[in-house]
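Visitor: The residues making up each chain are set out below.
There are 2 protein chains.
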Amino acid sequence: MRMAELSSESGVPVATIKYYLREGLLPPGERTSPNQARYGEHHVRRLKLVRALLDIGGLTIAAVRDVLEAIDDDSSTYRVLGTAQHGLPAPKTPVDGEARAWALAKIEPVARERGWRLKPGDPVHEALLGALAAFAEVERRELIDHLADYAELAERMAEVDLATVSGLSSAESVVEGAVIGTVLGDALFAAMRRLAQQKVSASRFTP
Amino acid sequence: MRMAELSSESGVPVATIKYYLREGLLPPGERTSPNQARYGEHHVRRLKLVRALLDIGGLTIAAVRDVLEAIDDDSSTYRVLGTAQHGLPAPKTPVDGEARAWALAKIEPVARERGWRLKPGDPVHEALLGALAAFAEVERRELIDHLADYAELAERMAEVDLATVSGLSSAESVVEGAVIGTVLGDALFAAMRRLAQQKVSASRFTP
Numbered sequence: 020m021r022m023a024e025l026s027s028e029s030g031v032p033v034a035t036i037k038y039y040l041r042e043g044l045l046p047p048g049e050r051t052s053p054n055q056a057r058y059g060e061h062h063v064r065r066l067k068l069v070r071a072l073l074d075i076g077g078l079t080i081a082a083v084r085d086v087l088e089a090i091d092d093d094s095s096t097y098r099v100l101g102t103a104q105h106g107l108p109a110p111k112t113p114v115d116g117e118a119r120a121w122a123l124a125k126i127e128p129v130a131r132e133r134g135w136r137l138k139p140g141d142p143v144h145e146a147l148l149g150a151l152a153a154f155a156e157v158e159r160r161e162l163i164d165h166l167a168d169y170a171e172l173a174e175r176m177a178e179v180d181l182a183t184v185s186g187l188s189s190a191e192s193v194v195e196g197a198v199i200g201t202v203l204g205d206a207l208f209a210a211m212r213r214l215a216q217q218k219v220s221a222s223r224f225t226p
Numbered sequence: 020m021r022m023a024e025l026s027s028e029s030g031v032p033v034a035t036i037k038y039y040l041r042e043g044l045l046p047p048g049e050r051t052s053p054n055q056a057r058y059g060e061h062h063v064r065r066l067k068l069v070r071a072l073l074d075i076g077g078l079t080i081a082a083v084r085d086v087l088e089a090i091d092d093d094s095s096t097y098r099v100l101g102t103a104q105h106g107l108p109a110p111k112t113p114v115d116g117e118a119r120a121w122a123l124a125k126i127e128p129v130a131r132e133r134g135w136r137l138k139p140g141d142p143v144h145e146a147l148l149g150a151l152a153a154f155a156e157v158e159r160r161e162l163i164d165h166l167a168d169y170a171e172l173a174e175r176m177a178e179v180d181l182a183t184v185s186g187l188s189s190a191e192s193v194v195e196g197a198v199i200g201t202v203l204g205d206a207l208f209a210a211m212r213r214l215a216q217q218k219v220s221a222s223r224f225t226p
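Protein chains in written order, with this note's numbering: chain A, 20 to 226; chain B, 20 to 226.
There are no misleading hints in this set.
Which copy is meant is left open, because identical chains are indistinguishable; a pair holds if it fits in one copy or across any two.
Below, simulated DSS-like cross-link-like pairs (lysine-lysine); rule was C-alpha separation at most 27 Å, straight line:
| id | residue 1 | residue 2 |
| --- | --- | --- |
| 1 | Lys218 | Lys125 |
| 2 | Lys138 | Lys125 |
| 3 | Lys138 | Lys218 |
| 4 | Lys67 | Lys125 |
Derived by calculation from the structure, the hints in this document are not laboratory data.
Kindly produce the complete structure, drawing on both the sequences and the hints.
Guide: Here it is in structure tokens:
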């Protein structure tokens with residue numbers, strides 16, 4: 020199909036498609052003349068994924084590129100969920116000095132209890148330290164007094180994630196499933212958390 | 020303090036501070052001459068919060084504005100957590116037609132089981148439908164087969180959230196605590212989920 024048809028099939032405006040092509044979020048079409056290219060169903064599908072990651076996942080363009088690379092690099096099915104580290108907001112500046120020491124002192128006992136491996140330099144590890152340090156930065160350290168409880172819930176969630184991925188038929192892309200399920204799942208879970216907060220809060224505080 | 024000092028105290032460049040002032044993320048300082056203003060500790064604190072919400076919370080400027088409004092509108096402590104609906108990526112276009120019907124059919128039985136109130140038009144409700152519909156949009160409906168399990172975890176998380184907020188001394192801002200705890204907590208939990216996935220995945224798949 021041509022660009023115009025790709026646009027109507029996917030619901031994404033032509034100018035936006037051209038932007039995604041320039042940014043490498045969409046592979047180029049098959050060139051049919053100096054200024055025309057042909058696109059396939061794969062492009063429609065990829066466009067819908069890019070929109071979902073941007074609009075619902077709330078990711079930046081750079082984070083979407085990172086997620087797509089993980090999906091396209093299908094080599095590592097052996098530790099599928101171990102690759103699903105993508106789409107996390109990374110701290111703009113590395114967490115250093117006092118803030119890093121404080122964040123580590125918070126997470127180390129929890130990680131030890133749960134058998135989680137902390138890997139300095141790993142994007143997940145740095146994102147975790149960044150999130151912990153942010154509580155200190157805004158002077159609300161007491162908001163993570165229940166860190167061990169949140170960690171337990173995170174591990175139960177990872178078990179459900181694994182059950183989901185294990186249930187995928189081999190024909191489907193397991194890596195794609197794990198990455199999409201994690202990134203879109205963050206948004207879904209954040210919304211359910213707020214809905215549950217409304218219920219729990221109303222049931223405790225209503226006179 | 021002057022703008023230059025506010026910048027060095029908060030670690031935020033002067034040009035960025037001016038941008039936040041224009042965008043209404045930071046209240047104006049007290050004017051001391053036609054082109055000078057004085058800033059206080061409140062501004063330093065607010066700047067650090069804005070940075071944390073943008074960098075770690077991964078929020079847009081508009082979402083940060085929304086979160087700050089919730090914090091400044093301190094009137095509704097009675098249903099504190101009920102107000103913590105802020106900072107969710109809203110679907111760019113409303114979820115309509117077939118996608119909406121499918122998403123509702125997914126969430127309604129779960130909400131009924133948990134006693135959650137679905138309120139069409141409410142930002143949390145629309146964000147939830149947007150996240151559900153995104154799985155259909157990318158043709159990966161099977162990734163939310165375990166929706167009821169995720170919902171149960173969301174409710175347990177809301178209970179921990181409430182325990183955190185209940186533990187705050189009245190001198191502190193409970194609303195601010197709930198909102199910050201929820202938005203930064205999303206980022207913290209997303210990172211822990213991935214760390215837990217690495218462990219769970221390694222323990223099942225390692226030969």
